[in-house]
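> The chain contents come next:
Number of protein chains: 2
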Amino acid sequence: MKMKEKYMREAIKQAKKAWDIGEVPIGCVIVYKDKIIGRGYNRRMVDKNTLSHAELNAIKKASKKLDDWRLDDCEMYVTTEPCQMCAGAIVQARIKKVYIGCMNPKAGCAGSIMNLLQVDKFNHQVEIEKGILEEECSSLLKDFFRNLRKS
Amino acid sequence: MKMKEKYMREAIKQAKKAWDIGEVPIGCVIVYKDKIIGRGYNRRMVDKNTLSHAELNAIKKASKKLDDWRLDDCEMYVTTEPCQMCAGAIVQARIKKVYIGCMNPKAGCAGSIMNLLQVDKFNHQVEIEKGILEEECSSLLKDFFRNLRKS
Chain A
1 MKMKEKYMRE AIKQAKKAWD IGEVPIGCVI VYKDKIIGRG YNRRMVDKNT
51 LSHAELNAIK KASKKLDDWR LDDCEMYVTT EPCQMCAGAI VQARIKKVYI
101 GCMNPKAGCA GSIMNLLQVD KFNHQVEIEK GILEEECSSL LKDFFRNLRK
151 S
Chain B
1 MKMKEKYMRE AIKQAKKAWD IGEVPIGCVI VYKDKIIGRG YNRRMVDKNT
51 LSHAELNAIK KASKKLDDWR LDDCEMYVTT EPCQMCAGAI VQARIKKVYI
101 GCMNPKAGCA GSIMNLLQVD KFNHQVEIEK GILEEECSSL LKDFFRNLRK
151 S
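Quick note, the sequences are listed as chains A and B, same order. All residue numbers for the first sequence refer to full-length UniProt numbering, where the first residue is 1 and numbers rise by one. All residue numbers for the second sequence refer to full-length UniProt numbering, where the first residue is 1 and numbers rise by one.
Just chain A, same shape as in the assembly:
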């Protein structure tokens, strides 16, 4: 449990970087052999690119690090449940397991709207573990949107 929390804390650090630039605070790290090989945070508005979600940014870096498009034995820690695009990318990258902070009932695709990480007909399925530092991950989003409404 200690390790999971440690890595989710690193994902939360990434989420805070998004907050600092005015983006919805979602962060992500990818771990391979007990080492972080990719970090990412949401930069969709700053980058003016819909692909610039935390998970895709982390996948890009991890692939560069491993020099391979396959991230077979990698695990991802992400503060919020992935959207359909990111869930799709996680399957395409063949990531082994995803640890999720809090769920996203309105748009999440790892169990909320649907579960794209575990579709039998795809050539890869991803293990899921939910609720890692859930309270902290969830508060981050709530606080961000509360502040946004105030200003």
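Some clues are possibly wrong.
In silico DSBU-like pairs for lysine-lysine, Cα to Cα no more than 30 angstroms straight-line [to be verified]: (1) B/Lys48 - A/Lys35; (2) B/Lys35 - A/Lys97; (3) A/Lys121 - B/Lys6; (4) B/Lys6 - A/Lys48.
These are computed hints drawn from the structure, not numbers from a lab.
Given the coordinates of chain A, work out where chain B should sit on it, guided by the hints.
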């Protein structure tokens, strides 16, 4: 019909670029106000990046061109039915309509395995038109894999 074929021919040109570098020949263009604003082809192995599918490469370029992550009034022409990741990105980018060359029964997510482009619960749905220069798009893939098996 003339315009649709014209743009699909441009997507096929992109697919041939993928073939030339030994990648599965899939190509894509994005059209805005009757002008191509983004082109892309599959470069997954060369780039060693699972995100480097034709559609994502084209979305990246179109976003850069429009200086916006939203591609609301854009239409995409893609030689083969998008995978789950690319279908997700198309929805996230809010692309209006996707013209598809040939379907991909084994992995396509615009009707084959599932239809991610038209999910009521998502905040955006994408129009679909299939079978644009279907024969040509399909032959390109078949010929590629036939050559691959030979060599």
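> Could you run down the list of hints and mark each one as holding or not?
Evaluated hints:
1. Of the pairs offered as hints, the one joining B/Lys48 and A/Lys35 holds, with about 20 angstroms between alpha carbons and a cut-off of 30 angstroms not exceeded.
2. A C-alpha spacing of about 42 angstroms is found between B/Lys35 and A/Lys97, which places the hinted pair above 30 angstroms, so the restraint is violated.
3. Taking the CA atoms of A/Lys121 and B/Lys6, the gap is near 34 angstroms; set against the 30 angstroms cutoff, the hint is violated.
4. Between B/Lys6 and A/Lys48, the direct Cα distance comes to roughly 29 angstroms. Compliance with the 30 angstroms bound is thereby established for this hinted pair.
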